[in-house]
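As a plain string of letters, each chain reads:
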Amino acid sequence: MRGRAVALGLRIAQTLPVLFGVVLISFLLTRALPGDPAAYFAGVMADAESIEATRVKLGLDKSLPEQFAIYVGDLFRGDLGRSVGTGRPVLTDLAERLPASLELTLSALLLSCLIAVPLGVWAAVRQGSWVDHLCRVLVTAGVSLPTFFTGVLLIYVFYYLLGWAPSPLGRLDFIYLPPPQVTGFYLIDSLLAGDAETFFAALRQLALPAATLALFTLAPIARMTRAAMLTALSSDYIRTARAAGLTPRKVLYGYAFRNALLPVVTTLGMVFSFVLGANVLVEKVFAWPGIGSYAVEALVASDYAAVQGFVLAMAVLFVILNLLIDLSYALIDPRIGFAGK
Amino acid sequence: MAPKLLSVNDLAVSFRTRRGEVKAVRGISFALARGETLGIVGESGSGKSVTSYALLRILDAGGTIRTGGVTYGGIDLRAASERGMRDIRGREISMIFQNPRAALNPIRKVGHQIEDVLRQHGRASRQDARAKAIKALADVRINDPEARYDAYPFELSGGMCQRVVIAIALACDPKLLIADEPTTGLDITTQKAVMDLTRDLIRARGMSSILITHDLGLAAEYCDRLAVMKDGEIVETGAAADVFARPRHPYTARLVDATPRPGADLRALLPAEARTPLVPHAVSNTPLLEVQGLTKTYTGKSGPVHAVKGIDFTIRQGASVGLVGESGCGKSTTSSMLVRLLDPSAGRILFDGQDIGAIPADRFARNPLRGAIQMVFQDATDSLNPRHTARDTIGEPLRRLTTLDGAARRARVEELAAMTGLPAGLLDRFPHQLSGGQKARVGIARAIATDPRLLILDEPTAALDVSIQAVVLNLLADLRTRLGMSYLFVSHDLNVVRLLCDEVIVMQGGEIVEAGPAAQVMDAPAHPYTRALLGAAPKPPSAPRSPQAPDRAAE
Numbered sequence: 001m002r003g004r005a006v007a008l009g010l011r012i013a014q015t016l017p018v019l020f021g022v023v024l025i026s027f028l029l030t031r032a033l034p035g036d037p038a039a040y041f042a043g044v045m046a047d048a049e050s051i052e053a054t055r056v057k058l059g060l061d062k063s064l065p066e067q068f069a070i071y072v073g074d075l076f077r078g079d080l081g082r083s084v085g086t087g088r089p090v091l092t093d094l095a096e097r098l099p100a101s102l103e104l105t106l107s108a109l110l111l112s113c114l115i116a117v118p119l120g121v122w123a124a125v126r127q128g129s130w131v132d133h134l135c136r137v138l139v140t141a142g143v144s145l146p147t148f149f150t151g152v153l154l155i156y157v158f159y160y161l162l163g164w165a166p167s168p169l170g171r172l173d174f175i176y177l178p179p180p181q182v183t184g185f186y187l188i189d190s191l192l193a194g195d196a197e198t199f200f201a202a203l204r205q206l207a208l209p210a211a212t213l214a215l216f217t218l219a220p221i222a223r224m225t226r227a228a229m230l231t232a233l234s235s236d237y238i239r240t241a242r243a244a245g246l247t248p249r250k251v252l253y254g255y256a257f258r259n260a261l262l263p264v265v266t267t268l269g270m271v272f273s274f275v276l277g278a279n280v281l282v283e284k285v286f287a288w289p290g291i292g293s294y295a296v297e298a299l300v301a302s303d304y305a306a307v308q309g310f311v312l313a314m315a316v317l318f319v320i321l322n323l324l325i326d327l328s329y330a331l332i333d334p335r336i337g338f339a340g341k
Numbered sequence: 342m343a344p345k346l347l348s349v350n351d352l353a354v355s356f357r358t359r360r361g362e363v364k365a366v367r368g369i370s371f372a373l374a375r376g377e378t379l380g381i382v383g384e385s386g387s388g389k390s391v392t393s394y395a396l397l398r399i400l401d402a403g404g405t406i407r408t409g410g411v412t413y414g415g416i417d418l419r420a421a422s423e424r425g426m427r428d429i430r431g432r433e434i435s436m437i438f439q440n441p442r443a444a445l446n447p448i449r450k451v452g453h454q455i456e457d458v459l460r461q462h463g464r465a466s467r468q469d470a471r472a473k474a475i476k477a478l479a480d481v482r483i484n485d486p487e488a489r490y491d492a493y494p495f496e497l498s499g500g501m502c503q504r505v506v507i508a509i510a511l512a513c514d515p516k517l518l519i520a521d522e523p524t525t526g527l528d529i530t531t532q533k534a535v536m537d538l539t540r541d542l543i544r545a546r547g548m549s550s551i552l553i554t555h556d557l558g559l560a561a562e563y564c565d566r567l568a569v570m571k572d573g574e575i576v577e578t579g580a581a582a583d584v585f586a587r588p589r590h591p592y593t594a595r596l597v598d599a600t601p602r603p604g605a606d607l608r609a610l611l612p613a614e615a616r617t618p619l620v621p622h623a624v625s626n627t628p629l630l631e632v633q634g635l636t637k638t639y640t641g642k643s644g645p646v647h648a649v650k651g652i653d654f655t656i657r658q659g660a661s662v663g664l665v666g667e668s669g670c671g672k673s674t675t676s677s678m679l680v681r682l683l684d685p686s687a688g689r690i691l692f693d694g695q696d697i698g699a700i701p702a703d704r705f706a707r708n709p710l711r712g713a714i715q716m717v718f719q720d721a722t723d724s725l726n727p728r729h730t731a732r733d734t735i736g737e738p739l740r741r742l743t744t745l746d747g748a749a750r751r752a753r754v755e756e757l758a759a760m761t762g763l764p765a766g767l768l769d770r771f772p773h774q775l776s777g778g779q780k781a782r783v784g785i786a787r788a789i790a791t792d793p794r795l796l797i798l799d800e801p802t803a804a805l806d807v808s809i810q811a812v813v814l815n816l817l818a819d820l821r822t823r824l825g826m827s828y829l830f831v832s833h834d835l836n837v838v839r840l841l842c843d844e845v846i847v848m849q850g851g852e853i854v855e856a857g858p859a860a861q862v863m864d865a866p867a868h869p870y871t872r873a874l875l876g877a878a879p880k881p882p883s884a885p886r887s888p889q890a891p892d893r894a895a896e
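Those sequence lines, one after another, are chains A and B. Quick note: the first sequence, position 45, residue 45 per the numbering used here, numbers continuous. Quick note: the second sequence, position 436, residue 777 per the numbering used here, numbers continuous.
Chain A with its partners taken away, still in its complex shape (with noise of 0.2 Å):
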């Protein structure tokens, strides 16, 4: 135990590299970003003496390093600079905005495992069957819809022609008041106030963007399942299972499954870290408040403090995620331990 423990802050260890080359290199990309910002923010009036002022105030006056050596500074103390665009602290910004995008995307993520995982291993026992050709269509038409597509098919239907769906504008309806905060998910903080009222409203304005999201990442995992359980049920160790009179179940679930989990989550982490990147457009079209869309903006913006506080928030993520995946990976699969890497 003593010896896992070790293992595994060497594991988290190997993660600080990684984030101090996201820290330096989105510095020096927001720094090579075309657009001057003191101009920009300067106002259209300005004269060259009064964005020179402002170039000062915001501290782009100074060398590269000298900026550098402030930032990571400030990063230190908590200090992810200010947004010039919204005027409050980035930190702020983030805690506000990235939990309704994880609220989406992590709600997306367990809707499209519950459909995908199923029908994946569906599909591979029954090769060729009806439900075989269902998951084959389900599959393309996910990948091949955009979500800005589906996202406004989804609000024609359930919205403009049925009614079922609300308003679909952020992320609870005006009429309720937001939870008090603790988590940042309205789902759970709800909860924890024992507020069921609006937990079923922030379920209702959930509800279509993240089937939209699903849709889309429906198709990687039920691929990817179908065929780590075709692998897994051809091997040897099922002949053996089924020799010595297990079960079906016995030998789907308990040792062809098991043994298709580790591409499946593999799998699981690269749609979830790639669904975290790509959902903006799905936050556009729904109006939801997440970090996507607020990114976007300090980008158009030159908003130096706002970007790389997004970056460096969303390298933490994954970082954090793949440390999950691998802490997964050996609980599953005994042959994979810490030391061997």
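Some hints here could point you the wrong way.
Unchecked claim - BS3-like, lysine-lysine: derived pairs with alpha carbons at most 30 Å apart: (1) B/345 <-> B/364; (2) B/476 <-> B/516; (3) B/345 <-> A/250; (4) B/476 <-> A/250; (5) B/473 <-> A/250; (6) A/250 <-> B/516.
What the hints assert, rightly or not - A few chain A residues facing chain B, derived, Cβ under 8 Å: (7) 235; (8) 245; (9) 247; (10) 255; (11) 335.
None of these hints come from the bench; they were simulated from the model. Source: prediction; values computed, not measured. From the three backbone atoms N, C-alpha and C, an ideal C-beta is built for every residue, glycine too.
Place chain B on chain A using the hints.
Just chain B now, kept in the frame of chain A:
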């Protein structure tokens, strides 16, 4: 007369494939009495494994029993319900498989895998499952079964994995055990240990068994009766000693002839009509390759691993030297260093007096001597580029190492194909369009393309059927005479080494434990390890028995 435990009547199995129906088994019949051991022997594609899967109804997708019946203890297995079959599998009839490591669930503790079977058949409850699983491990003579209960398959050796597979198969005291190539891929001493263990357990429990194998010698040693299969049909059945000593069917006779055994020379492996006189090869006293203090040490996770510990030997010009030992003894590391694909940690490799060990392996490809030392690899399929035709493959070394081009190279490739007995019409085929024996010929033709003086052969016949092995071994013997090559023949099969080699080197744990003329090492082994290796080789009934081997006929 006692009722038969198992009887198979006119069983036919076929598979649906994209190219139509393939008849794997074409109407075979046999019966098995209580306490009897039947060997089903055949070469690849004979339908012997499919037969066993059909008995348990665990055929792969697309396989169906077309006709015939299987009766086990009065039960019609073909008509039984799937639920009924589940009760029979593991409790009445069990199976053990080849490649034991793959036959175990890689991510489940072996103890739990045994418990799964025990609890499936109601032989254990949640409370006593652990104790019974440990007892099952103890029954297959695994040391420290308590600790092994918690092991995963990857933590165990191949022999141990096979013991676990046997423990799973025997956990519920079945009446019939089907062993499908149970020792393929295991070392020869492990093979003997596993086979002896299985035989003892079967006898102690009064079980019947079916041994499916390609090794006629193994089957003849461990079985009461043999059934020889070819192309989905049984061509001959009879008492093991009779089939081996007096084969009635021509195919059986060819199989018996092709099995390497003490007392038979190379040509005797071939069918009678192909036995042309063997021209002896000339061995001079001039050394071609001298190995001095050759050492290879790898840096492992837990300290250095000494793969080869300072070995010395000499290969004379024209001589064939056999390098023998079990997996992990350092023979593959040694051959990789000699063929200059791996750099030694210390020691010298003198080829014709020049220290080639000093030339780094990654630069040896451009050395003029590259063409003089060539290699034939173990797996004829994996060592060929699947996207190259046989002509490309054989021409590759000519293109790289010689100045031949155009028509001259083409002519040389055709000459090489003729020398190795590969029909010229097959030269434009890709590896997947060639048979195992043809691929072996391509590998040999490629190796001899540059007229090497030393050929290193790494188990070149291990993956081949015996009849093809016989042909390839004879081809190698003819080529050596014709081209004056020296051979270093790496193998675990002592009978094969005896046939082809003048001298034998026995390695164990990175050291040479015995070396000398082949006949001397084989007939009067000095080292206990050599004796153990020789004692472990299967002894067909007609072969003279060495004093160490237990005499089964007397029992």
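Status of the hints after comparison with the structure:
1. B/345 <-> B/364: Measuring from Cα to Cα gives roughly 27 Å; hence the hint holds.
2. B/476 <-> B/516: 19 Å, holds
3. B/345 <-> A/250: 33 Å, violated
4. B/476 <-> A/250: Distance of about 23 Å is within 30 Å: holds.
5. B/473 <-> A/250: 20 Å, holds
6. A/250 <-> B/516: Measuring from Cα to Cα gives roughly 24 Å; hence the hint holds.
7. 235: 7 Å, holds
8. 245: 4 Å, holds
9. 247: 7 Å, holds
10. 255: 5 Å, holds
11. 335: OK, holds: residue 335 of chain A within 8 Å of chain B, min 5 Å.
Hint violations for this structure: number 3 only, all remaining hints satisfied.
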